[in-house]
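Please dock the two separately framed chains into a single complex, following the hints provided.
Take a look at the letters that make up each chain.
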Amino acid sequence: MIYPKNNRLMKWMFDTYVKWLVGNTFHQFLFNTVELDSNKSVLLVANHFSFWDGLILYVLNDKLLHKKFHVMILEDTAKREGMLRYAGAFSVSKNSRDMLESLNYAAELLSEPGNLLLMFPQGKLYSNFVNRVHFEQGLLKIMKKAEGKFQLLFAATFIQYFKHKKPSVTVYLKTEGERYSDKNINELQNAYQQHYDAGKLQQTEIDIK
Amino acid sequence: MIAARRKKFLADVFAKYMHYRMRKAFNKLEVVNKITPKPGYSVLLLCNHFGWWDGLWANYLAYWHLNRKSYIMMQEDHLQARMWLNHCGAFSISRSSREMIKSLQHAADILNDAENMVIVFPQGELISNHTTEIKVEKGIERLIKNIKGPCHIIYNCALVEYFESLKPSVYFHLLDLGVAGELSFDELTEKINTFHRQALKDQVNVAH
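These protein sequence lines map, in sequence, to chains A and B.
Mapping of the first sequence onto this note's numbering: position 9 corresponds to residue 9, and the numbering continues sequentially without gaps.
Mapping of the second sequence onto this note's numbering: position 67 corresponds to residue 276, and the numbering continues sequentially without gaps.
Next up, chain B with everything else stripped away, as it sits in the complex (with noise of 0.2 Å):
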C-alpha cells in the first residue's frame, strides 16, 4: 500500500490549478442542494465514477463547498502511473490482495481527525452515467467499521449536462447519510440507491 504524503502547499496548488481548468473545460459546476457537513466532524465523501474528472470534482467541492483537506483512494497501478499524486493527498487501494485491508485502515485513521476528508468510489470501478444501480463495496462497511472520530458520510452523484452551452456543466446531488455507524451498510446501500434514481429523475427537470 502507499500511504498518502499530503502537503499542504502541492495539495493547494494542484486543487487551484484545476479549479482555473475546470472553469476552462465546463460551463459550469453546480451543487443542486448544499450540504454543510457538521463541524468538528471528518467527511467520508462516496461518489459515482464513471469518468477521467470525478475524482478532480470531488477534490473541488472539499475546497470550495465541504471545506476540509482532501484525500482521496485510488487503484494502486493509477497511483503508481501518477505518483505526484500521493502528496496531493492520494493513497492507494489494490483489491483482492492483504495489502486491502491496510489501505482501509489507513483511510479510517485520515477520517480520525475532523479537518480531513476521504474521497472514496464505492463502486470500485467505471460504470456509466446512466446507470440506475450504485453498486457499493464490501470494503465500505469495513473502512466505515474502522474509524474511531466522529465522521459525516455523504454521497456524491455527479451528471453531466450539456443544454444550450457547447461546453458541459456537472450537475451535484448530495446525500446526507449522517454520521458514521448510525446506518448499517444495508441501510447505507439502499439509501444511495434510492437516492441516485431519485437523483436521475431530478436531473430531468433541473433549470437550464
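Pulled out of the complex, with its shape left as it was, chain A reads as follows (with noise of 0.2 Å):
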C-alpha cells in the first residue's frame, strides 16, 4: 500500500498547480453550499468518470469544506502520478490481502475531525452517461470501522459545454444524516442514486441562455 507523502513545498505546488488548471479549464465552477459539523471529518462520495472529478473535488475542499484532503485511488494510478501523493492520495489493489490495510487506514483518516476522505465506490471510470451509480462494497467496511466519527457528504459531478468554448462544471452536494452501519451496501447504493438522479435532472433540464 502506497501512503500519502508530507512534503509542504510538494504540497504547495500541487496546490497552486492544479487551483490554477482547474480555474483556467473550466468556464464555471458551480457548486451549492452545505451546513457541516466542524467536529467530525468528511467523508466525501462521488461519482468516477474523469481523471477531472478527483481535481475539481480538491478544489471544491479548498472553496468550500476547507478540510486536510484525503483520497483513495488505485494502486497503478498512485503509481503513475506520484504527485498526487503529496494532495492525501493513498493506494488501494483490489483483490488483495492489501485491501484491508488501506480501508484502516481509511477508516484511522476518519477519525480525525480535520480530515476529509474523498471515495470514488464505483471502483473505476465509468461514462458521465451512466444511469446507474455502481458501488463496491468497500466503502461500507470503512463506514462501519469509522462509525459515529464522519459526516457522509454525496457528490456528484456534471460537466457540460452549454454556449462557451470551455466547459463548465456542477458539483451538486448533499448531507446524508442517515447512519449505514447496519445497512447493506444496496441501501447506500439507493440513498446516491437518488443524489445523483436528481442532479442529474436539473442538468438535463437546465435553461442555457
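If you are wondering where the hints come from, they were derived from the structure by calculation, not from laboratory data.
Ideal Cβ placement from N, Cα and C applies to all residues, glycine included.
Please note that a few of the clues may not be correct.
[Said to hold, decoys possible] Covered, in the sense of this in silico footprint (three residues per stretch, anywhere, with C-beta under 8 Å from a C-beta of chain B), are these stretches of chain A:
(1) 114–127
(2) 157–166
(3) 183–197
The structure is reproduced here in C-alpha cells:
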C-alpha cells in the first residue's frame, strides 16, 4: 500500500497548479453550499467519470469544506501519478490482502475531525452518461469501522459545454444524516442514486441562455 | 435572410485551422458507427445542439468523414456577429418571421446539388447533453419537402466524455435516415429519438 507523503513545498506546488488548472480549464465552477459539523471528519462520496473529478473535488474542498484532503486511488494510478501522494492520495489494490490495510487506514483518517476522505465507490472510471451508479463493497466497510466519527457527504459531478468554448462543471452536494452501519451496500447505493438522479435531472433541464 | 457565400478556399482554410484547434483541445474525435453517404446524393446532417463546439464538429464530419461541401444554418443574430462565417458556408435563419421560409428554401436549394451538405440543428436552441428527448422543429418537415434533388439524411448524436484523459473526447453516433421523402416527419422524429436514447445507452459501454 502507498501512503500519502508530507512535504510542504510539494503540497504547495500541487495546490497552486491544480487550482490554476481547474480555474483555467473550466468556464464556470458551480456548487451548492452545505452545512457541516466542524467536530466531525467528512466522508465525501462521488461519481467517477474522469481524471478530473478528483481535482475538481480537491478545489471544492479548498473553496467550501476547508478540511485536510485525502483520497483513495487505485495502486496503478498512485504509481503512475506520484504527485498525487503529496495531496493526500493513498492506494488501494483490489483483490489483495493489502486492501484491508487500505480500508483500516481510511477508517483511521476519519477519526480525525480535520480530515476529509474522498471515495469513488464505483472503483473505476465509468461514462458520464451512466444511469445507475454501481457501488463496490469497500465503502461500507470503512463506514462500519469509523462509525459515528464522520459525516457523510454525497457529491454528483457533471461537466457540460453550454454556449462557451470551455466547459462548465457543476457539483451537487448533499449531506446524508442516515447511518448505514447496520445496512447493506444496496441501501447506501440507492440513497446516492437518488441524489445523482436529482442532479442529473437538473443538468438535463438546465436552461441554457 | 443572409444567403451563404461559400468560397472554397476560405472554407477549406477554416476547416483545416479548426481541425488543428480541435486536435489541441480534444483527446479524440471518434465516429462510433461509420456511415458513407450514397454516391450522387447530397447530405442533410441533423445534429444535437448543446454547446459552442457542435457546429465545428459537424464541419469536421463533413470534411473528414462524409466528404461533402459543408453549409450550415445559423441563427441570424449569431451570424451577424460573425459575418466571416458567411464565406465558409453559413446562412441565416430567424425564427418567427417570414424570412424563415426563404431560409428553408435556400437550404433545400443547396441540397439540390449532390456535392453539398447542409448542417441543421433541429432542436433550434441549446439543450443539455444529457437530454433524452430531441425536439425536432416543424421547419425540418418543410425543408425536406422542398428538396428536389436526391438527398441522404443523417442524424448525428455527439456525446462528450473524459475518462482517463484531461482532455475531453467526442463520440459521434450516426444514424442513417434514408433518402429525403422516404419517411414522414413523425417517423423521422420518432426514429431520431429512439436512436438518441439508444446512443446514450451505448455510450456507457464505449471502449476507453
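Outcome of the hint check:
no. : hint    : in the structure
1   : 114–127 : holds (count 3)
2   : 157–166 : holds (count 8)
3   : 183–197 : violated (count 0)
Violated hint: 3 only; the structure is consistent with all others.
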